[in-house]
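Number of protein chains: 2
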Amino acid sequence: MSEAVAAAARKRGERRKAQTRAALVRAAQQLLAEGRTSVAVLEITELADVGMGSFYNHFATKEELFQAAVESALELQGVALDAWTRDLDDPAEVFARSFRLTGRLHRIEPQLSRVILASGLSMINSDFGLGPRALRDIEKGRATGRFTVRDAYSALLIAGGAALALGQAIHDHPERDDADLTDQVAEDLLRMFGVPPDEAVAICHSPLPDVLDMIHETLPDLPHEQPAG
Amino acid sequence: MSEAVAAAARKRGERRKAQTRAALVRAAQQLLAEGRTSVAVLEITELADVGMGSFYNHFATKEELFQAAVESALELQGVALDAWTRDLDDPAEVFARSFRLTGRLHRIEPQLSRVILASGLSMINSDFGLGPRALRDIEKGRATGRFTVRDAYSALLIAGGAALALGQAIHDHPERDDADLTDQVAEDLLRMFGVPPDEAVAICHSPLPDVLDMIHETLPDLPHEQPAG
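Line by line, the protein sequences give chains A and B. Just so you know, we're using this note's numbering here: the first sequence kicks off at 1335 and counts up by one. Just so you know, we're using this note's numbering here: the second sequence kicks off at 1335 and counts up by one.
Bear in mind the hints are in silico, worked out from the structure with no lab data behind them. Since this is a predicted model, take the numbers as computed values, not measurements. Where is the CB? At the ideal position from N, CA and C, for every residue including glycine. A portion of the hints provided could be inaccurate.
Using C-beta positions, here's what the derived DEER-type ranges look like [claimed, not checked]:
id	chain 1	residue 1	chain 2	residue 2	range
1	B	SER1456	A	ASP1514	20 to 26 Å
2	B	GLU1409	A	GLY1347	57 to 63 Å
3	A	ARG1510	B	HIS1507	31 to 37 Å
4	B	GLU1551	A	ASP1511	43 to 49 Å
5	B	VAL1375	A	PRO1541	51 to 57 Å
Use the sequences and the hints to build the structure in full.
Printed below as a string of structure tokens:
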């Protein structure tokens, strides 16, 4: 076997391995979204359509897989948030747009939303997703005097707790307008950060880029569901 | 059997029934606090030290028991909050004292705290505990002009999400001062409600009644653990 042939075989093997891992992560995300995390490994591998043995090539335990599944969802959202706020500089505007778009994702991407909500409060302190980005915005706002909060961690707990409570409320109350509620929470949070009330209103009710367009550009891997309403 | 004897027997029967129910609820609270809710009914009745058959005299399903256990914990806290704020009239002060005392409960009453945290975001919309009391305070504050929030439900989501995130952070970071962090979050929330910053500071850093004394007066049924720190 020539070296080129061996290298191609190695590459194929790596690609197959990555595909198996991705299939396991997707299956775990589906189970998380459905609240079915106390399943056997066999059920997970069947859902992922991979061999039972291959599970342990990638994960030592089910918990490790579910952790990876949550981090992957959070990071998918995080990458999207970065892309969607690239043109902004004011930390108040960056935070508000991230928060407003996140609020709109709950109905447009219900599976991604439910995986993130299932991760619960640990989302706030995760290295991935909205949490670290919100902390970055809060700290930048404090450093530049844009925000007057005395303690960044306290402000992060409030914003993170609010993001989760909002997501749950949007699922639990399909009759509510998700955009209106989200924008109101974002406005309240900016005021809490120390942004003057009239500015908070202006920032949180300004036109947004079209969320569906942005999702199709930046989250191409998700099976895009139509919003229910 | 005379009527008086029959009445006494009936009373004894009712008392025994109430004791069995209370033992089941306490066992469920212990399991919730330990995160062990996928146990068999037999394990619950053994932990409660009651007959397996008696379970179904009180609850149709395990879910029903766990629901009752959460509501009982929330209501225990709610009754305590009412007692602890009876002397206050200003909704900003009532909210702040309730929130500050709730924050201090996480370490002083870890089991009660973990049951409430396990109930997650449904705590916010429950008919029991901090949620409905916070909503009452927010609505009263809006009606009297004390608070300037535009939407009470949005403010409730933020305060409730913050209460949960704070509780989790207090458990996850034993090195942090729970009282300082709690008071800072309460201050931020009052500012978000529209209370002027200097007043929010004054209200949220004023002396509090001794929490341990108050707990021993109003929550006599709990096995009082000592704070870890």
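Right, here's what the structure says about each hint:
1. About 22 Å separates the C-beta atoms of B/SER1456 and A/ASP1514, a value consistent with the hinted range of 20 to 26 Å.
2. Hint check: B/GLU1409 to A/GLY1347, Cβ distance near 59 Å, so the stated range 57 to 63 Å holds.
3. Roughly 34 Å separates the CB atoms of A/ARG1510 and B/HIS1507, a value that falls within the hinted 31 to 37 Å.
4. In this structure the hint that B/GLU1551 and A/ASP1511 lie 43 to 49 Å apart at CB holds, the actual value being about 45 Å.
5. Distance hint check for B/VAL1375 and A/PRO1541: the Cβ-Cβ separation is about 55 Å, which falls inside the suggested range of 51 to 57 Å.
Of the numbered hints stated above, none is contradicted by the structure.
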